[in-house]
Every structure is written in C-alpha cells, then in structure tokens.
Amino acid sequence: MSAPAGGQPLLRVEGLRTWFPIRVGLMRKLVGHVRAVDDVSLEVEAGRTLALVGESGCGKTTVGRSILRLEEPQAGRVWFEGEDLLALDPVQLRPYRQKLQIVFQDPMASLNPRMRVRELVAEGMRSFGIGADEAERTERVASLLERVQLDPDWMWRYPHEFSGGQRQRLGIARALAVEPRLLVLDEAVSALDVSIQAQILNLLGDLQRELGLAYLFITHDLSVVRYLAHQVAVMYVGQIVERGDTEALFREPQHPYTRGLLQAVPSADPQRRSLEPHVLGDVPSPADPPPGCRFHTRCAEAFERCSREEPSLFRAGSGEARCFLLDPGQEGAPAGSPSGPSV
Amino acid sequence: MSVALEVEDLVVSFPGVGERTPVVDGLGLRVEVGETLALVGESGCGKSISALACLRLVPRPGRIDRGRIAVGGREILDLSVPEMRGLRGSEISMIFQEPMTSLNPVVNVGGQVIEAIRLHERVSRSAARARTLDLFEQVGIPDAEERLDAYPHQLSGGLKQRVMIAMALATVPKVLIADEPTTALDVTIQAQILQLLRDLQRDSDTAILLITHDLGIVNELSDRVAVMYAGRKVEEGGRVDVLAHSRHPYTEGLLRSMPALARPGERLAEIPGVVPPPDEWPRGCRFSGRCPRALPHCPDQPPASTPLPDEHRVWCHAVAEDVAS
Chain W
1 MSAPAGGQPL
11 LRVEGLRTWF
21 PIRVGLMRKL
31 VGHVRAVDDV
41 SLEVEAGRTL
51 ALVGESGCGK
61 TTVGRSILRL
71 EEPQAGRVWF
81 EGEDLLALDP
91 VQLRPYRQKL
101 QIVFQDPMAS
111 LNPRMRVREL
121 VAEGMRSFGI
131 GADEAERTER
141 VASLLERVQL
151 DPDWMWRYPH
161 EFSGGQRQRL
171 GIARALAVEP
181 RLLVLDEAVS
191 ALDVSIQAQI
201 LNLLGDLQRE
211 LGLAYLFITH
221 DLSVVRYLAH
231 QVAVMYVGQI
241 VERGDTEALF
251 REPQHPYTRG
261 LLQAVPSADP
271 QRRSLEPHVL
281 GDVPSPADPP
291 PGCRFHTRCA
301 EAFERCSREE
311 PSLFRAGSGE
321 ARCFLLDPGQ
331 EGAPAGSPSG
341 PSV
Chain A
1001 MSVALEVEDL
1011 VVSFPGVGER
1021 TPVVDGLGLR
1031 VEVGETLALV
1041 GESGCGKSIS
1051 ALACLRLVPR
1061 PGRIDRGRIA
1071 VGGREILDLS
1081 VPEMRGLRGS
1091 EISMIFQEPM
1101 TSLNPVVNVG
1111 GQVIEAIRLH
1121 ERVSRSAARA
1131 RTLDLFEQVG
1141 IPDAEERLDA
1151 YPHQLSGGLK
1161 QRVMIAMALA
1171 TVPKVLIADE
1181 PTTALDVTIQ
1191 AQILQLLRDL
1201 QRDSDTAILL
1211 ITHDLGIVNE
1221 LSDRVAVMYA
1231 GRKVEEGGRV
1241 DVLAHSRHPY
1251 TEGLLRSMPA
1261 LARPGERLAE
1271 IPGVVPPPDE
1281 WPRGCRFSGR
1291 CPRALPHCPD
1301 QPPASTPLPD
1311 EHRVWCHAVA
1321 EDVAS
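First to last, the sequence lines map onto chains W and A. The letter at position 335 of the first sequence is residue 335 when you use the working numbering, and the numbering goes up by one with no holes. The letter at position 322 of the second sequence is residue 1322 when you use the working numbering, and the numbering goes up by one with no holes.
For reference, chain W alone in the conformation it holds in the complex (with noise of 0.2 Å):
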C-alpha cells in the first residue's frame, strides 16, 4: 500500500466544531446549544491508530462522524489526503467515502436485516465501480468473508444468524469491501466477551500490518488502547485534553483527568489492587460547559486562575495537554511541573 506522502499525516483535523441545537416548545425556540465537538484537532498517520478516548457524553463519537460527514460541523477543516472534505459538495465527496469508512459498535443495527451477506458486502462494491461483473464481486466477497475468518459459504445467510463477534466481523468485511485507508472504529469491541473480543482485536492488528490501514478508534476502554493505539487523544466535555504518543501518556499522564482516568481503571492484577476514586462527582453536561478549564470542578488540583481562564494546549512531555499547571508562564505553577526543556 502507498506510503504517507511526504510525512504528512493520513488525516489532519482542525478546529472542528458541531454543535447541536437545543429547540423548545412549538414554535422550537432555539434556547442554547450542545456543544458535543468544540475545537477538536487530531491527526492519524498512515499505517498507524489513534485512540479517541473519553467517558460518554465527552464528543467522541460525534467526532468520528463529523470527520465522515454524518454530522455536519459548523467550524473547522478535515484534511484528507490534501483535500478538505467540509469544503466538498456531495459529488466531490464521493470518492473519499469510499476511502473513510465506519464501522459501528452494534454491527446488527448497521447491517440491514433483510439483505444476505454478500449483498451486505458487496453493496459498496457496486456503487464505487469495484468488482468488472456480479460474479467477480461474488469471488471478492468470498475471499473478504475468508480474510476475516467467516466461511465463505455462509455468504447466503442473513446477518441474524451471526454471533455478536461474527456480525463484528461481518461489518469489518464490509468496511473492507470498497478498500478504505481509514477506519473509523466506533466501540467496535466495546460489547463483546474478552476472548472474542481478543479475536477482533488480532483480526485488526493483522489488517493495519497487512493493508496499511488507518484507524481512528473511539472508545471508552482504556486498557484496549493501551493495547493497540500508537497515539492517544483523551477528550472531556467536547475538548481535547490532552494527546501524545500511548507509551508516554500511559506513563506520565500530563493532565489531572487522564491521571484521574488512568487510576480509576481497576486491574485484574492481584498485585495492585489499590483503585481509589480520584476524579470525583459527574461530567457535567456539554450543553452548559462550566467557565474557564471545563475540568475545573472535578479537579482536585484547580486554582484560581482555572475557573476564569480557558486553558489552551500547552507542550507536555512528548505531547500536549490542557491545563494551567503546564503552562511555561503560569507564576504558582508547582515546582517540578512538567513542562519539560521541550518547551
């Protein structure tokens, strides 16, 4: 497969913003808005996985959706491949859904009920020109079906005569189908047993080597992440707080939520059983975003300036975070903080 061209990453997000309106009442009288994406910008290589990570309600998946155009953002460019897929028109867009697919948490309720599996697959090959005639399209599916491990006679059934793991795969297949370079992998094992879920993962893990695709994988599983991603941005309440290469964010987390995030996830190692809860209290809603740092009012380290100001990413070890306690020019900051000789 093509090599990242000139280094320059697969897609590059900038700036995003979708927001919701919030209407009430007959005459649906705009009152506010959800700010579900506000100011996100990502990046994923080639060949490489970005983690999207988050607690529900922080924008994680409107994200992904916005990146593939199922949500409209009101703000904000998505570069793909030098082209900025907000600025297209439908017909512009249209070769590049075939380069960006999904793939959802519950496979049952994207795949149609009443369409067997080769028609489920080979849908997208028909309408992107893939396949000369039905019988070569019949051949790819078998060898798709084969490549994510399901039996390639199994093409003349319906979807609910699969397990969950196997209409994961089935979803997968067809993802793979139209030949994307990126997948949007949204709580795509988020609902499956550990040991299918570990058959998924593999599955994945053998794909990027073997295809050189892209994922953006959004979830809420940090240990899966740890596993599997190259980069890791963490999202709260419509924000990134904080990105990085994995190994360095696992290991010396920068912002006080990811370092709350971290220690909250309890261990199946009977060594360490130490889980103490240290982000107290709830998220608060995206629709009414508290003033300054939005982490502020579940931030045990907060100070004055928190509540006031709106932190802007400062540099952070080998990557960036949001928050005061970082910045090269906050006076107070605590001494020691690590801001590191990068800055």
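Just so you know, these hints were derived from the structure itself, not from any lab. Beta carbons are placed, not taken as given, at the ideal position from N, Cα and C, and that holds for glycine. Keep in mind that a hint or two might mislead.
[What the hints assert, rightly or not] Restraint-style ranges between C-beta atoms, simulated for each label pair: (1) D1223/A to L280/W: 23 to 29 Å; (2) L1119/A to L280/W: 30 to 36 Å; (3) E1145/A to P90/W: 50 to 56 Å; (4) F303/W to D1205/A: 38 to 44 Å; (5) P1292/A to P21/W: 52 to 58 Å.
Given chain W's structure and the hints, the job is docking chain A onto it.
Same frame as chain W, but now just chain A:
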C-alpha cells in the same frame, strides 16, 4: 464465620427443543458473612440467572428444577410467596446493571426508598424520610435533600445507581446480590461506586454476591472467585489463587485474552470459537470443544472437582491428571 448465602446443586431450566434445557446445571455457591464472592463468566454462562434464582426471580418460562438455596440458614425454595416477598429487601437485596429498569419512572426517588423501608418496617413516613436522607448522604448523593424529590430521569447514570444501592441497603440486608453493578457506568463513576460498596460492606458486614464479566472488578472487590462456563462452575478459589495461579484452561484463556495484561502490540491469546448454545452443550466437560488441553474422554465425562491447596478447586480432567502424577 457463618454462611450468609448457600446454594447447592441448583438446576434452572428453560424450554428447549423437545425437553427443557438446563442453563444452570448443578451449581453450588457459599458466601460467608462479610465476604464478597465474585461469580464470573462471559455472556450466556448462566451467572445472571443464578443470581435471580437466589431471589426466586427467575423469569418465565425459566424454572428452578432442583437444588437448595439458603439465606441466613433459611431454605427459600420452601417459602410461600408472601414469605418470600418479606425476605426480599429485608434479608436479601439486589442491584441491577441498568437502574432505569428497576426504578419506577413516575415516583420520585426519595418516595421509592421511603416505600421500600415502610414495606418492611413499621415506621412513620417522616422517620422513613429521615432515614432515606441519611442513606442518600451515605451513598454520596450530593444535595441529597433536593434529590429526594427528583424523578429517575432527572438523575445521571451514576446517581441512579447510587439510589438503587441506597434502596438495596435501606433495610440492611444480610445478602446483597450485585449484577454487573457498574457495567453501564464510566470508569470515574465506577471507581466511586466500587469504593462505596467496599465501605458499606466494611460497616455492615453484608455478604455480597458479585456478578461480573470484568476481571478487574473481580480483583478490586472480591475475596473469593467462582468461574462459570456454560451453566457449570469450572474453577473456584481465593482471589489471588484464581487470578494469579489459575489452573482451569478456560480461566487461563480468559486472563490471557485480556488486553490489559498483554504487552502492547503482542498478539493476544485467543480462545478459539464461541460458547455453544445450551442445547449443544457436550455431555462431559462443556469447554472441551474449545480447550487446548482436551483429552479424548473430556466431551463424554463430566469432570469431578479436583481440590488444590487453600480450597482452590478446578473441574478439569487434564488438571486432575496433573495432580495425580
């Protein structure tokens, strides 16, 4: 130590093709006072049905065919329906995964807990209200007084789960059954709820039967662990024995397939195939079809229990041979 909950040779069946199919088949469990036993397994292993059986709440057309269940020494399968109703909530309570399905959407949450208290005790409404307020504060509901009048839909998932726990504890049950109590919650909220369950157990010596698929939560909360596969127990023992020195090939496979315990990028160990449906369970060991250590007689002969040190037990022919040799 005295036994708070004891289950022996429990069989729960559902109508299948032809005859009834047992989905829980000869299960035995023992939870001591003040202890947490985790019942672990993947979807369809029968862990939730076993939990419901302990409250005699197996949904129709399911049925308890055989066995005995004792709560605080009382045989519950012999009780009349009104007697059983009296026991639920006072002696044994349950927290479900999805609080919305067990909270009444048209009654405020305070009212529901007050009602639960007054169902079991003769106390005035105002006394019950005062106790509810206490409970809400104890389970960490902020602005508890205001929240008494809130309806379930006005509360977040974490707060609803706290209301459920407050209700389950309103009458200080001897046994608390927690079925995936944090599965629907975010990790930061989950950490708060786990802490809460630990504190409550320390203060009231409640026995907890924890149903979960998450081995991380097992490690955080349990004293002992029972692993279920296809309706039967396959391994049982102390937390450290099962998690660090598991012997059954299924438990080993589960632990090795966890991304949390793998090195990044390294291939995860897979358990090949899927759990077969109940009407296709083999006569012998039910894991035999997926087991890397299966012996020729495994599919035909149900394995007996092999005792290991410290009341660690495994139901596996291959382990039995290891121990014998």
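Quick rundown of the hints versus the structure:
no. : hint                          : result
1   : D1223/A to L280/W: 23 to 29 Å : holds, 27 Å
2   : L1119/A to L280/W: 30 to 36 Å : holds, 33 Å
3   : E1145/A to P90/W: 50 to 56 Å  : holds, 54 Å
4   : F303/W to D1205/A: 38 to 44 Å : holds, 42 Å
5   : P1292/A to P21/W: 52 to 58 Å  : holds, 56 Å
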